[in-house]
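Novice: Make the full structure from the sequences, and use the hints.
Protein sequences, first through last, are from chains A and B.
What the first sequence shows, in the working numbering, is residues 1 to 93, in sequence order.
What the second sequence shows, in the working numbering, is residues 1001 to 1157, in sequence order.
No lab work stands behind these hints: they were computed from the structure.
Hints should not be assumed to be uniformly reliable.
What the hints assert, rightly or not - Only pairs whose alpha carbons sit at most 25 Å apart, straight line, appear in this in silico DSS-like list of lysine-lysine:
hint : chain 1 : residue 1 : chain 2 : residue 2
1    : B       : K1142     : B       : K1078
2    : B       : K1067     : B       : K1097
3    : B       : K1078     : A       : K49
4    : A       : K10       : A       : K78
5    : B       : K1097     : B       : K1142
6    : A       : K91       : A       : K78
7    : A       : K91       : A       : K54
8    : A       : K49       : B       : K1097
9    : A       : K10       : A       : K54
10   : A       : K91       : A       : K49
11   : A       : K49       : B       : K1081
12   : B       : K1142     : B       : K1117
13   : B       : K1097     : B       : K1117
14   : A       : K54       : B       : K1117
15   : B       : K1081     : A       : K54
16   : A       : K10       : A       : K68
17   : A       : K54       : A       : K78
18   : B       : K1081     : B       : K1067
19   : A       : K54       : B       : K1067
20   : B       : K1078     : A       : K10
21   : B       : K1078     : B       : K1097
Stated by the list, open to error - Which residues of chain B face chain A? A few of them, derived with a C-beta cut under 8 Å, are:
hint : residue
22   : F1073
23   : A1075
24   : A1076
25   : G1102
26   : S1103
27   : V1107
28   : H1109
29   : T1125
Cβ coordinates follow ideal geometry from the N, Cα and C atoms, glycine included.
Listed below, chain by chain, are the residues.
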Amino acid sequence: MPSTFDTVAKIIAETCDIPIETITPESHAINDLGIDSLDFLDIAFAIDKAFGIKLPLEQWTQEVNDGKATTEQYFVMKNLCARIDELVAAKGA
Amino acid sequence: MRLEYFQLLDRIVELDLANRTIRTEATVPHESTIFQGHFPGYPLMPGVLLLETMAQTSGWLIIALTKFQRMPFLAAFKEAKLRTFIAPGTVLSGTAKLEHEGSGYAVTHAEIRVDGKVTCDCEITFRVVNFPAPDLRSYMQKEAERLQFPLGAIADG
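Specialist: Now the structure itself:
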């Protein structure tokens, strides 16, 4: 069974035509991979479907805009995957 | 349908919140300045307006599902297919189904049928936000009346 990181990296690579080998756990989806907001909608759709969750993008964006969180907390790959794992676990609880 | 005012739907025929579907109807006008350029001597409904017709059909479904609290804005069309020419006077039957409601976005699949046959279809992504201006919300509520939007379906849904 592929890891969360492998699944998300594959989604990003296929959605944004980014070589998968350039995507690492330390990659920032926006700053390093250059994913824009429209592509991120496609990625969110694919992640939502793949994991059966609803990424709380609006909440995350609001927290970043309010200075309560940094983009790194949500959009660095390893952190994004950790959030996805939390959402999957919460769904099964 | 008033092309120049971007009023591409005539009425909402059916709204099914449980199944997250909508059906609309519109008749392409016989006269429009748009046909002077598209095309002289061979008037056709522009493909981009057929896409907009599917987007508006989908948009009303999202407005219904969010109970007039949120406004969808077009973000992307995928796999859009325009299968036949559409001439003035054609009656279009639009349908849309919500495929996914994400956080701040929604994805629909929409079709236009003519005489029961699919003539256009696509997947559409919308950004869905709180109404950014009171005037816009008022306008959409007036439009809902014009389209015979079944407000009772929202109250019951």
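Novice: Look at each hint and say if it fits the structure.
Specialist: Checked hints:
{"no.": "1", "hint": "K1142/B with K1078/B", "result": "violated, 30 Å"}
{"no.": "2", "hint": "K1067/B with K1097/B", "result": "holds, 16 Å"}
{"no.": "3", "hint": "K1078/B with K49/A", "result": "holds, 17 Å"}
{"no.": "4", "hint": "K10/A with K78/A", "result": "holds, 14 Å"}
{"no.": "5", "hint": "K1097/B with K1142/B", "result": "holds, 24 Å"}
{"no.": "6", "hint": "K91/A with K78/A", "result": "holds, 20 Å"}
{"no.": "7", "hint": "K91/A with K54/A", "result": "holds, 10 Å"}
{"no.": "8", "hint": "K49/A with K1097/B", "result": "holds, 16 Å"}
{"no.": "9", "hint": "K10/A with K54/A", "result": "holds, 19 Å"}
{"no.": "10", "hint": "K91/A with K49/A", "result": "holds, 14 Å"}
{"no.": "11", "hint": "K49/A with K1081/B", "result": "holds, 24 Å"}
{"no.": "12", "hint": "K1142/B with K1117/B", "result": "violated, 31 Å"}
{"no.": "13", "hint": "K1097/B with K1117/B", "result": "holds, 17 Å"}
{"no.": "14", "hint": "K54/A with K1117/B", "result": "violated, 35 Å"}
{"no.": "15", "hint": "K1081/B with K54/A", "result": "violated, 29 Å"}
{"no.": "16", "hint": "K10/A with K68/A", "result": "violated, 30 Å"}
{"no.": "17", "hint": "K54/A with K78/A", "result": "holds, 18 Å"}
{"no.": "18", "hint": "K1081/B with K1067/B", "result": "violated, 30 Å"}
{"no.": "19", "hint": "K54/A with K1067/B", "result": "holds, 20 Å"}
{"no.": "20", "hint": "K1078/B with K10/A", "result": "holds, 20 Å"}
{"no.": "21", "hint": "K1078/B with K1097/B", "result": "holds, 15 Å"}
{"no.": "22", "hint": "F1073", "result": "violated, 11 Å"}
{"no.": "23", "hint": "A1075", "result": "holds, 6 Å"}
{"no.": "24", "hint": "A1076", "result": "holds, 6 Å"}
{"no.": "25", "hint": "G1102", "result": "holds, 6 Å"}
{"no.": "26", "hint": "S1103", "result": "holds, 4 Å"}
{"no.": "27", "hint": "V1107", "result": "holds, 6 Å"}
{"no.": "28", "hint": "H1109", "result": "violated, 13 Å"}
{"no.": "29", "hint": "T1125", "result": "holds, 6 Å"}
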